[in-house]
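Undergrad: Chain by chain, the residues:
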Amino acid sequence: MVTVVQLRDCEPGLWTAAGDEFVGRSELALASSKDLWESVVHPLGEWAGSAGEAARQKLQSFAERLEVDSLEFRAIGYVNRGLGHAFRISRNTLLGALDSAAADGFRVSDDGVVSLPQDPMIHRDPELHRLFRDRQQQLTAMIDAAITGATNADLRSHDLLIRLSTRTDLSTVSEAKDVDLGEASATEVALIAGVVPHNRSTVVAWWAGLPVADQQMLLQAVPWELEDLSGLPPEIHNDLHGPGDYDHTGVADWARHHWIDNSDDPFEDNCTNFASNALEAGGVEQRDLDFLGYNGDWQKGSQSGWRLLDEVDYSHSPTWAQAQDSYEFWAQHGTELDVADARPGDLIYWEQADTGHDIAPGTVHHAAVVTSTLDGDVRYTQHSTNQLDASLEGRSGVNEIDGGRQKIHVVRPSPDW
Amino acid sequence: MPDLEVSLELLRGCAGTARRVGTDAAPIADRFTATDDAVGRHGDFGSAQALEACRLAWSGRIRQDAADVTVAGDLLAETAESYTGADAGAATRLHRIDYELPL
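Protein chains in written order, with the numbering used here: chain A, 1 to 417; chain B, 1 to 103.
By construction, these hints were calculated from the structure, which means they are not laboratory data. Just to be clear, a hint being listed does not mean it is correct.
Here are the simulated distance ranges between beta carbons [unchecked claim]:
1) 163/A <-> 63/B: 17 to 27 Å
2) 48/A <-> 99/B: 27 to 37 Å
3) 49/A <-> 64/B: 26 to 36 Å
4) 109/A <-> 56/B: 32 to 42 Å
5) 81/B <-> 58/A: 10 to 20 Å
Cβ atoms here follow ideal geometry from the backbone N, Cα and C, with glycine treated the same way.
Here chain A stands alone, though its shape is the one from the complex (with noise of 0.2 Å):
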């Protein structure tokens, strides 16, 4: 457990710098599994015969094998990076609580406990000790939601690391995205959601207590975490709902709930379906103007629960379920945005930027729903592959390798129905 004196007296920013540093050497490690990519694997296909291509099979193990360190390098870095701001906004919440304590003359020993000052009014007034201990009351629990989001977010992170740490046998590129560095970026965002009181009281105090500045992170980074929490401003709740009819941040929420939820993917790729049952599981009715779908419409139709006849187009119309006629649809009826503008609830698709590939360029054959914006870097939840708080950054570099560079869209959609 996290002391007092261990989470007044730490450095959070040595913990960023940390993450930082570790995400600095995933990008060169990056740029050395690309420069052997580019200027050695590939040309070695020109030199036919076994030789040859034993030798690039070596190559491209080391490639990867790069791949992989960068990936790794990221998600330790990802880890710390969540550290530093839990371990910032649980110190700031700490040292709100022992300045007020100190200003009121409450005494705060090393191990948390709060005592009453030693003023003999405070204990001959009845009325007045009332007030005293429901201040105390509320200082120590300010002081344990601090201590707790430390001690949580400490316990966590070190058994993650500590799993990492022994993950250096490993030489699968898929395995260290699509795991090692999708545990991690879920769980920086989830280091952050932990440190979020929800005692009603304790909110207010906190709440007003926070810089501006982690306010802010907080309203990006885990707006579902604040959207029902009692104690909060209004006008936070009626920005975390956004603008429109529907629940943006509800949208998000839906889909952080069900990343992992298979139950709704009758199709063999599902990425855009899901996006679109996160919209209307955020308020965004269903547009049913045409009996088979495919005159504006967005809709899933009826679904019967037989796999076999909902997997049909027929069933979800095109913009419901295909990447491209979504993004088409949403650009229509919302508003597209630069990457740096994204928020959650907003979709964000891909489009195949590169020839040389399976999809043909300016194909959008991806969708995902944005869950998270954290230092800059957007956060989707997906399905097909099921991934939480996945880090476009993080991913998009190595992704390319395979599959080619793309164009990201982000897109508000504002229902006009």
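Once you've looked at the hints, dock chain B against the given chain A.
TA: Then chain B, alone, in the frame of chain A:
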């Protein structure tokens, strides 16, 4: 026996690049100053000990990977030279035809 087609220029180029990539990647394993600061300052946190375990494990892994790529570059260069030597040997043997079997 498959047909052989190898460009020695390409092979030497690949060898040089692999050596350079290996040499450039080696320092990725060195001098984790920010990590050392975080671990040194927070040695009583469980996550600090785990972070140190990560640093040790993954710096060791990438150091080995960088060394392997450098060795692969050396072997590609040796292969290019052995093709050159084989070609020179074949030329010498063919010249002996003129000497030993004159028309």
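Undergrad: A separate judgement is required for each hint: does it hold in the structure or not?
TA: Results of checking the hints against the structure:
no.	hint	verdict
1	163/A <-> 63/B: 17 to 27 Å	21 Å, holds
2	48/A <-> 99/B: 27 to 37 Å	33 Å, holds
3	49/A <-> 64/B: 26 to 36 Å	29 Å, holds
4	109/A <-> 56/B: 32 to 42 Å	37 Å, holds
5	81/B <-> 58/A: 10 to 20 Å	18 Å, holds
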